[in-house]
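J.: Position chain Y relative to chain C; hints supplied.
In order, the protein sequence lines correspond to chains C and Y.
30 is the number that our numbering gives to position 30 of the first sequence; each next residue is one higher, with no gaps.
Each number in our numbering comes from the position in the second sequence (counting from 1) with 549 added on.
Please keep in mind that the hints were generated in silico from the structure rather than gathered at the bench.
Predicted model, so just to flag it, every value in this text is computed and none were measured.
Hints are not guaranteed to be accurate.
[Stated by the list, open to error] Quick list of in silico lysine-lysine cross-link-like pairs, DSSO-like style, CA-CA up to 27 Å: (1) Y:683 x C:414; (2) C:407 x Y:683; (3) C:458 x C:437; (4) C:206 x C:289; (5) C:500 x C:437.
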Amino acid sequence: MKRIIILASILFCLLLPPTSASESDTNYWEIDLQNGYISTKPIIVDDQVIVRTSGFWTGEDRPNVYSFNLHDGSENWRFTNNGSTNHDMSPLLFVPAGESSCGSWNDMVLVGWTDGKVTALDFDEGELIWESQTEVVTWGITGSMALDDGEVVVPTRQGLSKFCLSNGNETLRVDLPQLGWRNGVTVTSQHYLLGNEEGVLNTISKDGLVTNVSIGDGKIRHSPIVTSAGILIHLQTSSASEIYLDQTLISQEGSSPAIPLQVGNQIYLATSSNAILMTCDSECVVESKTQIHSNGEITRQYIPGQIDTIWFPNNTPVGGWASGIPGSPFEMIETPNDTYTTAGPGFGLDGSIAFGNDNGILMVYIGSYDFEKSNEGDDDVSSSEMEIESLVIVILILITVFFQIRKNNQMATKFGLLLLLVLAIIILPDISNIWSKEVDRLEERPGDWDDSWPSEWKGTQVLVIELPDGEMVIGDFEDYENVEQLTDAAALDLGIEVEKETYNFGDWIISFDGYSGEGWEFTIDGQRSSVGMSLAELEEDSVVRWSPA
Amino acid sequence: MVLTDGVHGPVLAPVESLVINTVLITISFLLLCRPTHSAKREILVLTSITLAAAASRVLLEPFPNVQPLTVMCLVMGATLGARRGMAFAVMATMISNLILSHGWWTLFQASGWAAIAFAGSRLSLVFENEVVMKRLVVSAIVASFLFDWWVSLSIYTSGMAISEFGLYLLNGLPFDVLHALASIVSAVWIAPWLTNLVFEETTQLDAPVINGEADVISA
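Next comes chain C alone, as it looks inside the complex (with noise of 0.2 Å):
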């Protein structure tokens, strides 16, 4: 009876909740500010880490900037827009102390919204100085702003505003016919440019005359490169992209392209296939490509005589950031919570750098962080993982061996069977998923296309969510390999928020816009999957519907 006790005893003490230590590192901090994506560049002034959220504008909930203690993470300050209820994602934009024709200004933060706010916020206090107003065709300020000789530049919605620094007036405005998503603007000496989401490149002289030529057919999603060869644009295409210089084709490309970046005549490009090297003197020129999937902000981290490399967020479930230089292997580097990323790296002049995530998590590594260190400790982990696996065969065959050749049948049997049962647990993963995919051929799928769709959404990737007010409906997507990328694609720009929980099986949603009900559940073209949204993969033409269930 004793030994039946004990063993049971100890075999209860692994029902004891287990506890899990985190190692301390005074290098590195981290937050989860638990209100919705951080999609643009956290930015480190002095000893300020300040960063942007998107909110999840349910209830009182409300995108926020804030700020931190870059050395310990306390909160120095937070803004709350009350009135933004879509994806926030127009760069941050620090301004030193300065004066102009216009007046003088103290150090500032200057934040563009989806509500069509223009905000200057205390760099110390993050008081608001001044905010104005401009224009919302669904959303407002999506993309990047640039400073113009004491005043902002601010691509707005269907046109260009330009502020005076110290008090906020409008200086300028510019309409036009298109709108634009994510459209940074680029000052020259003369002009501005703007693209917008029919390809169409806007030249805007500094009175406000404008003229323009179609670039091609697409959309264009990042500030205008101006090179030594004239104007470069990564143009976004139904399928693809492509490269102009001025309205020359030069080079097509991968889909989803990220928002490029120009370092002197080299200029760094992305797409969901490659990082991208150009370089620009007399004529465009590609240089060098790495694989990886990219669709963000590229940036540059250059501290002289010490650091000088290109970052590329990695937008895959893995996620993570890539750094080097195209045509070299990138460093990939990994974080505690690496996820969908979409957001470039701020950086420090002591070498410190604040990353940000699709799940709202800021990261700070402080100094001189020692990433190669941390991810080979990683690789450690994983090839130990292999070592012990390969260990546990080895020894369960030379058992087995042993027992067969002392001919004692009965052991050897035992333990050729827990073998088989080991090589059985280690194979599984590969075999269910290929097994998965020969049942999923099984049944046509019914499909799910409605004919009030827009035809141009015909053979692309539909999202459909059934919200308990009516249905939201987003197509033209492509290349998105699972429903949770497509579901997280499709709600960024439905800007509805999803939220979900991550369980060792994979991410479970848990509501969308806040409305969890009895739960959700999905089909692909009509047909349930058998599989979570993680693992179902989709076609180049499939409709995703959520619907409560």
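T.: Same frame as chain C, now just chain Y:
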């Protein structure tokens, strides 16, 4: 197939969870309290093995669908009889699910393993304190598949077509095979030891326990 695809079936409200818990605990007590001649020692043995079985489920949770509880239910049914075997199954399921995750599926798991324990009491898997290994292995394989399919019913809803449910079962086949393989391993490794343990610890009990229980159940 259980909990491997991330499909759970309906989410239970607190009141519904309370109802399921109450039903399962009541069944366990009813099964244990009758007949009234149960020895304290037997209860202690049963409780200890139940805790060990629950802990083994938690311990093996990282391995998909490796469920030694299936074979343990067969053996407990065969050695202690249907009533105690079923009580063992229900309690082990409930205790382990407190850690693993508790919900609508607990009802299906508990009833599935209870049915396996009942089958174990009727299949003559143990003869003169020795496991009839071939019979146990075959029973374990069949029970593993049937158990998985039964538990899969927890995700079946009124809007689901039979063909969809069939595809769902088909998708889970690799996991069912793994469950069966794990049950074979459990049968050759655990069953003889567990049978011996139970007999050693309960040899002083009154003889008619097994037959008496079976009569009560069938009545």
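J.: Each of the hints needs a verdict: does it hold here or not?
T.: Verification of the supplied hints:
1. Y:683 x C:414: Status holds; Cα separation ~14 Å.
2. C:407 x Y:683: holds (21 Å)
3. C:458 x C:437: holds (24 Å)
4. C:206 x C:289: Roughly 37 Å separates the two Cα atoms, so the pair is violated.
5. C:500 x C:437: holds (25 Å)
Comparing the model with each earlier hint shows a violation of hint 4 alone; every other hint is respected.
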